[in-house]
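Top to bottom, those sequences are chains A and B. Sequence positions in the first sequence follow the numbering used here and run 18 to 328. Sequence positions in the second sequence follow the numbering used here and run 90 to 393.
Fair warning: there could be bad hints in the mix.
As the list claims (entries may be wrong) - Listed next, with one range per pair, are the computed distances between beta-carbon atoms: (1) L241/B x N291/A: 56 to 62 Å; (2) V128/A x W246/B: 45 to 51 Å; (3) I131/B x Q180/A: 46 to 52 Å; (4) D176/A x V373/B: 34 to 40 Å; (5) D176/A x L212/B: 54 to 60 Å; (6) V107/A x R298/B: 41 to 47 Å.
Hints are computed from structural coordinates only; laboratory data are not their basis. Remember, it's a predicted structure, so these values are computed and weren't measured experimentally. Ideal placement from N, C-alpha and C gives every residue a C-beta, glycine not left out.
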Amino acid sequence: MTTLRAQQLAVSATGTARRPSRRRAGVAGYLFVAGYTILLIAFGVFPTGYSLYLALTNPRGQFTGIGQFTKVFQDFRFGPAFENIGVYLVMWLLLVVVLTVVVAIILRSRVSNKVSGVLRFLFYIPGALAGVASVLVWLFMLDPAVSPAAGLLRSLGMDDFDQTLAPGNLPVILVLIAFWTGAGGWIVVMYGALNNIPDEILEAARIDGAGPWQLAWYIQIPMISKWIVYMAILAFAAGTQLFVEPQLLQTASLNRVSPTWSPNELAYVFAFQNGDFNGAAAISIVLLAIGLLCAGLLVSRSGLFKLDDEK
Amino acid sequence: MTILPAHRPRTGTRRQLSRLTSGLAVTLIVAVLLVFFVVPVIWLLLAPTKTAGQLVSSFPLSFGSFSQLGAAWKHLTAFQGGAIWLWLRNSALYSGGALVLTLATSVPAGYALALTKFRGRRLLLTVTLIVMIMPSASLVLPIFLELNLFHLIGTAWSIILPFAFYPFGVYLVYIYFATSLPRDMLAAARIDGANEWQVFSRVALPLARPVIGLVAFFSFVGNWNNFFLPYLVLPSSQQFPIQVGLNQLLSSTPSFNPVAGKGLDITSPELALAIIIAILPVLVLFLFSQRALVSGMLAGSTKE
Numbered sequence: 018m019t020t021l022r023a024q025q026l027a028v029s030a031t032g033t034a035r036r037p038s039r040r041r042a043g044v045a046g047y048l049f050v051a052g053y054t055i056l057l058i059a060f061g062v063f064p065t066g067y068s069l070y071l072a073l074t075n076p077r078g079q080f081t082g083i084g085q086f087t088k089v090f091q092d093f094r095f096g097p098a099f100e101n102i103g104v105y106l107v108m109w110l111l112l113v114v115v116l117t118v119v120v121a122i123i124l125r126s127r128v129s130n131k132v133s134g135v136l137r138f139l140f141y142i143p144g145a146l147a148g149v150a151s152v153l154v155w156l157f158m159l160d161p162a163v164s165p166a167a168g169l170l171r172s173l174g175m176d177d178f179d180q181t182l183a184p185g186n187l188p189v190i191l192v193l194i195a196f197w198t199g200a201g202g203w204i205v206v207m208y209g210a211l212n213n214i215p216d217e218i219l220e221a222a223r224i225d226g227a228g229p230w231q232l233a234w235y236i237q238i239p240m241i242s243k244w245i246v247y248m249a250i251l252a253f254a255a256g257t258q259l260f261v262e263p264q265l266l267q268t269a270s271l272n273r274v275s276p277t278w279s280p281n282e283l284a285y286v287f288a289f290q291n292g293d294f295n296g297a298a299a300i301s302i303v304l305l306a307i308g309l310l311c312a313g314l315l316v317s318r319s320g321l322f323k324l325d326d327e328k
Numbered sequence: 090m091t092i093l094p095a096h097r098p099r100t101g102t103r104r105q106l107s108r109l110t111s112g113l114a115v116t117l118i119v120a121v122l123l124v125f126f127v128v129p130v131i132w133l134l135l136a137p138t139k140t141a142g143q144l145v146s147s148f149p150l151s152f153g154s155f156s157q158l159g160a161a162w163k164h165l166t167a168f169q170g171g172a173i174w175l176w177l178r179n180s181a182l183y184s185g186g187a188l189v190l191t192l193a194t195s196v197p198a199g200y201a202l203a204l205t206k207f208r209g210r211r212l213l214l215t216v217t218l219i220v221m222i223m224p225s226a227s228l229v230l231p232i233f234l235e236l237n238l239f240h241l242i243g244t245a246w247s248i249i250l251p252f253a254f255y256p257f258g259v260y261l262v263y264i265y266f267a268t269s270l271p272r273d274m275l276a277a278a279r280i281d282g283a284n285e286w287q288v289f290s291r292v293a294l295p296l297a298r299p300v301i302g303l304v305a306f307f308s309f310v311g312n313w314n315n316f317f318l319p320y321l322v323l324p325s326s327q328q329f330p331i332q333v334g335l336n337q338l339l340s341s342t343p344s345f346n347p348v349a350g351k352g353l354d355i356t357s358p359e360l361a362l363a364i365i366i367a368i369l370p371v372l373v374l375f376l377f378s379q380r381a382l383v384s385g386m387l388a389g390s391t392k393e
């Protein structure tokens, strides 16, 4: 769900800021940012603070320290939910990092500009189906009765929809969906990063006798490593938040898939089925902390974002 | 900077052979990915032209008939007395309302962050960056808890206002103004006696058209496809946006829900048609703004 937005961060990450004008505009500055600041406080800062408050108290508003956290950590569904998401994340990260980089390199150096443009566009299109639509499309793709890949599914031992949706297959299915909607955008970003490598460097390496794969391994990949790390962190952060996809698969599997497959689903069940907002808040805080950590890491360490020009 | 391994001189045939295998590998990777990305889309576009039975029996990528498409359309629009139109209208209201508010808040904010000086500017920018990188889903449950606290659950504002909060838009505008607005122009306008509002609205704003388009696109697409927040916050089908409506259609489709789906006309072709209708606005935007998008996505990092 967040991939599209996340990828676009790449957009501007390379821009450079100029020194802000020191002349007047002091008060005007406040007025210009006022509307946005209100939204930021209302839907960024306040909910975070309120969740933290809920996570540290009980329903009567009494301070309970880390009580809510120990409660959710000890819940029998907590471990499996994080385990599920962990397995998914490892597979997803490996696939997205390796394949997008390989494909971007192929599109950059092995095919003509025209073909490369068309391919990038075709790979990018499923991004329009991000969210519910992509899950529904893949429900059909995974149903051997109607799928164009029925032969492949059957040869893998999946003769009907129930067998495809066996809980053990879920990480693979979720990786397929995430890759289908998200990879195209990342390929575009990686391609852009590759485009930034000066031709002279590539030319020099070619004269030294480097073949295309050596060029990729010794020059192109090291030179875009910053962007690869950036992609990996964003893909990781977004992956921890999985909700829509497992939730819909759960509906479609007639409850054979656990309703608390992912941590966000578990928080949802805490809030909506158990009416336990404090417990739900505690899980949210854990997920928020992971997101914050990733964001903090990228902002402070990557050097991709310009906070200020006054260095 | 990078050291290449020394090269053994290779004979002509070996080189040719390795070139051939590497060419084959490249073709294979591209072909597999092409099938993977494109076939599901083609399947989806063809599905509503067939009956549920034909979907099973005929070739998956075959075309059925237009009359079948018409029938699927009739069944779908009859679902809950035309609920799909209501859902689409709701989606338009939520995404459109949020879009207006996003532009009204993020464009001035990005401008001020880039071109004016005020205390707290750096803090605001840092917080904006962090919130924009954090996955937006991580704030959904906390926002739900907050809305619940203020008894706003179930109102249109409970969707529109959180949707309108769009730090990425602010950052995009900030970078745009910081890198591409000639500062002399602002100074000249001030010398001519323009006040701060006039400088912004008459000089900066007209120049910001490309970035405004970009912010509008990302905000609209993201909100249109958003499922999590409305799913939590809106209790009644009357208020659902199309994404949550699709979820309801899914649970009414007999092939995925034999019990609840009995007796309804919603089968696989109708569901496929609903998916197409749901993504159509976004798909059209994708198709028509591709060039602008790609260049925007990589502003400052491409040399083409």
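Against the structure, the hints come out as follows:
In this structure the hint that L241/B and N291/A lie 56 to 62 Å apart at CB is violated, the actual value being about 22 Å. Separation of V128/A from W246/B is about 49 Å and conforms to the stated range, judged on CB atoms against 45 to 51 Å. At about 25 Å, the CB distance of I131/B to Q180/A disagrees with the hint of 46 to 52 Å. The hint said 34 to 40 Å for the Cβ distance between D176/A and V373/B, and at roughly 38 Å that hint holds.
Between D176/A and L212/B the CB atoms are about 59 Å apart, so this pair conforms to the stated range of 54 to 60 Å. Take V107/A and R298/B: their Cβ atoms lie about 44 Å apart, and the range 41 to 47 Å holds.
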